[in-house]
Amino acid sequence: MINRLKIIKKVRETPTVFSLYFHWDAEVLPGQFVMVWVPGYSEVPMTVASREGEKCITVKVYGKTTERLGNMGEGEFLYLRGPYGKPFSSSRGKKLLIGGGSGMASLRSLIDEDSTGIIASKTSDEILFEKDFKPGMAICVTEDGSRGMKGLAPDAINNLDLTQFDTIYVCGPEMMMKAIFDMLRGKELNVEFSFERSMKCGIGLCDSCSVDGFQVCRDGPTFHIKEVENMAEFGKTRLASSGKRIYMK
Amino acid sequence: MINRLKIIKKVRETPTVFSLYFHWDAEVLPGQFVMVWVPGYSEVPMTVASREGEKCITVKVYGKTTERLGNMGEGEFLYLRGPYGKPFSSSRGKKLLIGGGSGMASLRSLIDEDSTGIIASKTSDEILFEKDFKPGMAICVTEDGSRGMKGLAPDAINNLDLTQFDTIYVCGPEMMMKAIFDMLRGKELNVEFSFERSMKCGIGLCDSCSVDGFQVCRDGPTFHIKEVENMAEFGKTRLASSGKRIYMK
Amino acid sequence: MIDLRTKAGGIELDTPLILASGILDENGYTMRRILEAGAAAVVTKSIGVDERNGYTSPVVFEGENYIINAMGLPNPGIEEYGGEIKIAEEAGKPVIGSIFAADAPTFLKLAGEMVDYGVSAIELNLSCPHVKGFGTEVGSDPTLVKDIVETLKASIDIPIWSKLSPNVTDIVEIGSAASESDALVLINTVRAMAIDINARMPVLTNVYGGLSGNAIKPVGLRLVYEIKKELDCNIIGVGGIGNASDAIEYIMAGASAVQIGTALWRKGRGIFDEINQGISGFMKDSGIGSIGEMIGVAVQ
Amino acid sequence: MIDLRTKAGGIELDTPLILASGILDENGYTMRRILEAGAAAVVTKSIGVDERNGYTSPVVFEGENYIINAMGLPNPGIEEYGGEIKIAEEAGKPVIGSIFAADAPTFLKLAGEMVDYGVSAIELNLSCPHVKGFGTEVGSDPTLVKDIVETLKASIDIPIWSKLSPNVTDIVEIGSAASESDALVLINTVRAMAIDINARMPVLTNVYGGLSGNAIKPVGLRLVYEIKKELDCNIIGVGGIGNASDAIEYIMAGASAVQIGTALWRKGRGIFDEINQGISGFMKDSGIGSIGEMIGVAVQ
Ligand SMILES: Cc1cc2nc3c(=O)[nH]c(=O)nc-3n(C[C@H](O)[C@H](O)[C@H](O)COP(=O)(O)OP(=O)(O)OC[C@H]3O[C@@H](n4cnc5c(N)ncnc54)[C@H](O)[C@@H]3O)c2cc1C
Ligand SMILES: Cc1cc2nc3c(=O)[nH]c(=O)nc-3n(C[C@H](O)[C@H](O)[C@H](O)COP(=O)(O)OP(=O)(O)OC[C@H]3O[C@@H](n4cnc5c(N)ncnc54)[C@H](O)[C@@H]3O)c2cc1C
Ligand SMILES: Cc1cc2nc3c(=O)[nH]c(=O)nc-3n(C[C@H](O)[C@H](O)[C@H](O)COP(=O)(O)O)c2cc1C
Ligand SMILES: Cc1cc2nc3c(=O)[nH]c(=O)nc-3n(C[C@H](O)[C@H](O)[C@H](O)COP(=O)(O)O)c2cc1C
Ligand code: FES
Ligand code: FES
Chain A
3 MINRLKIIKK VRETPTVFSL YFHWDAEVLP GQFVMVWVPG YSEVPMTVAS
53 REGEKCITVK VYGKTTERLG NMGEGEFLYL RGPYGKPFSS SRGKKLLIGG
103 GSGMASLRSL IDEDSTGIIA SKTSDEILFE KDFKPGMAIC VTEDGSRGMK
153 GLAPDAINNL DLTQFDTIYV CGPEMMMKAI FDMLRGKELN VEFSFERSMK
203 CGIGLCDSCS VDGFQVCRDG PTFHIKEVEN MAEFGKTRLA SSGKRIYMK
Chain B
3 MINRLKIIKK VRETPTVFSL YFHWDAEVLP GQFVMVWVPG YSEVPMTVAS
53 REGEKCITVK VYGKTTERLG NMGEGEFLYL RGPYGKPFSS SRGKKLLIGG
103 GSGMASLRSL IDEDSTGIIA SKTSDEILFE KDFKPGMAIC VTEDGSRGMK
153 GLAPDAINNL DLTQFDTIYV CGPEMMMKAI FDMLRGKELN VEFSFERSMK
203 CGIGLCDSCS VDGFQVCRDG PTFHIKEVEN MAEFGKTRLA SSGKRIYMK
Chain C
100 MIDLRTKAGG IELDTPLILA SGILDENGYT MRRILEAGAA AVVTKSIGVD
150 ERNGYTSPVV FEGENYIINA MGLPNPGIEE YGGEIKIAEE AGKPVIGSIF
200 AADAPTFLKL AGEMVDYGVS AIELNLSCPH VKGFGTEVGS DPTLVKDIVE
250 TLKASIDIPI WSKLSPNVTD IVEIGSAASE SDALVLINTV RAMAIDINAR
300 MPVLTNVYGG LSGNAIKPVG LRLVYEIKKE LDCNIIGVGG IGNASDAIEY
350 IMAGASAVQI GTALWRKGRG IFDEINQGIS GFMKDSGIGS IGEMIGVAVQ
Chain D
100 MIDLRTKAGG IELDTPLILA SGILDENGYT MRRILEAGAA AVVTKSIGVD
150 ERNGYTSPVV FEGENYIINA MGLPNPGIEE YGGEIKIAEE AGKPVIGSIF
200 AADAPTFLKL AGEMVDYGVS AIELNLSCPH VKGFGTEVGS DPTLVKDIVE
250 TLKASIDIPI WSKLSPNVTD IVEIGSAASE SDALVLINTV RAMAIDINAR
300 MPVLTNVYGG LSGNAIKPVG LRLVYEIKKE LDCNIIGVGG IGNASDAIEY
350 IMAGASAVQI GTALWRKGRG IFDEINQGIS GFMKDSGIGS IGEMIGVAVQ
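Residue numbers (my numbering), protein chains in the order written: chain A, 3 to 251; chain B, 3 to 251; chain C, 100 to 399; chain D, 100 to 399.
Worth flagging that the hints you see were computed from the coordinates, not collected in a lab.
None of the hints are false.
Which chain D residues face chain A? A few, computed with CB under 10 Å, are given here:
(1) Leu123
(2) Arg131
(3) Arg132
(4) Lys144
(5) Pro157
(6) Phe160
(7) Ile166
(8) Asn168
(9) Pro173
(10) Tyr180
Glycine is no exception: its CB is placed at the ideal position from the N, C-alpha and C atoms.
If we strip away everything but chain A, and leave its shape as in the complex, we get (with noise of 0.2 Å):
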């Protein structure tokens, strides 16, 4: 089933960032996400937060439907089906969230006044959600130091005491993610991860989007540290479209 839904509110966050909000009375947990059809273009996963009361996504821009998605305004309809996957095991108590480039989108929803944030762009430009949080409560990070800290996502956390976190959250590009999981593992820490693999059926089905042989799209997009320990193939190869196995580097 695919649900037609009117665009309510759209809001720019950053110059390739717009939110998209509308009434959806679907129940969406923080982490799971949709699959959003834009007609003529594309499918395309993306997290649903919920904010004020409505479902919104976050889009960055990067290829053609996210760019159209990017173009639409009030009014016109977002096609969807969803919502899919695993939602974070818990989204209570003192938060640290991580996020690098359009990965921030996903852990929108679990921004609250125990939330300490960590948001990492290339350049200041791309920095997303600060006002979400508490004043004083985002780490800014860029590669180009024009904003807060120069530098990378894990350079931030050098700088913070992670025991007084319940839970680190974690999204971004896998390899970002891998370099904070190198961090973290071992630590006794409470982290959970949101993978971003590419999906096509979104339902478990085509194997397009699997790590280890769990589908992200099913299995995840969330996954526990200590199920991130045994995975062979997280931060080191993924299948192209084509199934073509790719060694990331």
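Add chains B, C and D with the ligands to chain A, keeping to what the hints say.
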């Protein structure tokens, strides 16, 4: 879905009528029926009664399929689908049950402290369920006079004050029901009939059971006398297995 | 008020909803009641020359969202059937006479009698999947189909509809053979069966039957779309239509009207009104003024 | 302990449950995990000579009890695929290599490479319904099918399975053409489509796709039964199997083993254990000692 249910008890009611008891957790209301499949034979409609905490069908042997059913014993299996049909609209209060032939089987669920029965059959051998009524509450009518009154069901009705009954229920051969209908129509009595037209699908598709555009399997088998009043086909014509119109006599 | 009228297969219909052949159309009183309940037309049970009782029960198997049937083309024979049509016609709406036979001359004879009974169109059953010598066995042979359709078109003055089977390798080939028809009716049931593992045998006495209902909608839709795209002829869609969206999908795939059969099982006669209202509601919300505006719009 | 072993298509299996081609079998790690979860064997994604990305999304449409897919045969090409098979084989169970091509020489080349990769059998995809030039377009031509099967049987030493399509008029004709195969695998998906009435267009980018899941079970069962009855060859059943009863129905219709695909959508990997247990339970309750005792018992 075809249910397979073990026969846990068999009771011989008359030389040609047998009750087969079984456990079944479906909710079946008085007046509803099932389609009983006898593999290798055929599939036939049978009313289900709830008796002594179990379900039960009471089979009068007419042809090959009912003969095979009559020969089945404890431990053998019934295959059936349903329940189907509209139940009687009420089953409380002071009741008069008029059953002819195997028709009394369809009324069995209704027999209680408050019921009076008119049990009609050809001979004394075939009187059904007399003992299920309170002593003195069952009036027997036989065509040959071998038990109770000599005559047909309608003859027994003449002696009763019908206004004392909250509901009158009638089931039997259509010509018998027609005779009773002709006696009772226009009398402001609350009468419900249970029709027995031959059935193929049991689910409102094949048209073989229809009376005046109503499907006995779906709109019936129970009909209120007010509904019967407008039926041009009732007691007059029916379709043969081929669909050929047959005039009843 | 939304206008639901449509012209399909050479006849005018108040709404796009027609009762499909073989469902509740053996008895004239039933057809009349279905017309009164909101069907724009009914197609009769398929009628042959001789009386047939059909197969011994079980003749239907009930799945969760589908039916498999092997009725075996029961029918009283064309001579006896006129009375039923007369009763149905009292509703003042079109009755379409469905007929089955093995060759063109017999089809012609049956059609001629149907014309005498006053039907508005003839539907040729070239597609029943479970009776030897009829239906699909006839309808999967393009030469025979062409012969039958052309013979009837040459002598019969009312519209001729050809009901085709999904059980063929190449529907476009068969559709072309039948392209002189005033409408192609797509689809009849998909050949199928059911087994009971406790009884260790097929449930239907005839073993093979035809699958209908919800489960075949994606198949019917595909055949309608394919024929519309490749042959662009007049089409009446049938197969698994159970709600307004299903009906609109068929129309957008190219159907000028649709037939409803198995859905009567779950929803009863009320389905005609329900779907008519659903289509009106959709058209209103979408700013669509007529059925014609929707026909085939999804075809790329 | 109930013995679930079966011999199907020339190989020995611990249980009758095999993963169907195209579902969770592009990545070696996934196949390995499915084998560990209880599948007795896996069939790989269909592999061709050249790398293909498949179609642009949407490539699946989700119905209530069915899926329509048009993946478009994405695959890395035979040269690249060996590594995945190696990973899958670590589970120590049979891996069957599915291949697609347009002619016998290409099928032969692909099969040769699969043999080198160590697969236990070859499955010929003669039935994908939505890619031009492959699948059903090949598999509906009896002469071509015969040529392909005989060419492979003459040179390849491991068992050859032919996976056939339900989208043909006469399955017995195609089955006969492929009868030298060690098993016929029935069925691939049924050609179908979905339309979105709001978008007013087909949902799948490729328009046409293949119907799978619960909705096609009665069709698959019929084809297995028909082939068993008419040709009495070794059969592997597939199509809409979602629980133990479905699997047993296929076995009673004549299948020596079954494949499971779309059911993983609703039930995940756990389905293999669930169905194995269900089959054991049924056999115990019914006093059946081996899978072999059930094969084809429903065929009349
Ligand atoms: C579970 C899940 C949840 C997601 N949630 C969100 C979300 O909430 N918001 C959001 O903006 N995106 C999200 N994504 C990513 C999003 O699906 C992709 O960005 C989108 O599919 C790109 O589509 P496109 O057709 O516009 O770009 P494409 O044409 O597919 O890509 C254009 C270029 O951008 C690159 N690219 C595409 N996506 C990414 C990416 N995510 N990171 C880095 N490079 C990329 C491609 O490699 C390519 O070079 C999610 C992905 C997954 C798997
Ligand atoms: C809704 C409904 C509920 C029913 N409930 C019961 C029930 O609870 N118990 C029960 O015993 N029967 C019941 N019947 C009748 C029962 O279905 C038939 O008796 C049965 O189908 C006969 O099958 P057969 O194959 O044995 O006989 P057939 O071979 O079909 O018939 C053999 C001969 O008996 C005649 N015959 C068959 N049935 C009847 C009948 N009911 N009355 C008079 N003559 C008949 C036939 O005309 C034929 O001449 C019910 C019927 C309906 C429609
Ligand atoms: C019980 C039953 C009987 C049918 N009999 C006929 C028939 O006599 N002639 C015919 O052309 N089609 C017959 N059909 C096929 C239907 O007309 C229709 O094509 C098919 O069922 C698909 O539509 P549906 O899914 O809406 O039922 C029959 C179908 C059913 C279920
Ligand atoms: C997403 C998807 C991809 C498929 N890909 C292939 C394939 O590459 N080769 C093939 O022979 N069959 C393929 N099939 C068909 C399945 O193997 C199977 O025959 C069909 O889906 C019916 O079984 P099911 O109902 O259990 O899924 C695919 C099916 C699906 C749903
Ligand atoms: S996207 Fe297809 S299995 Fe995950
Ligand atoms: S028995 Fe078929 S309609 Fe009633």
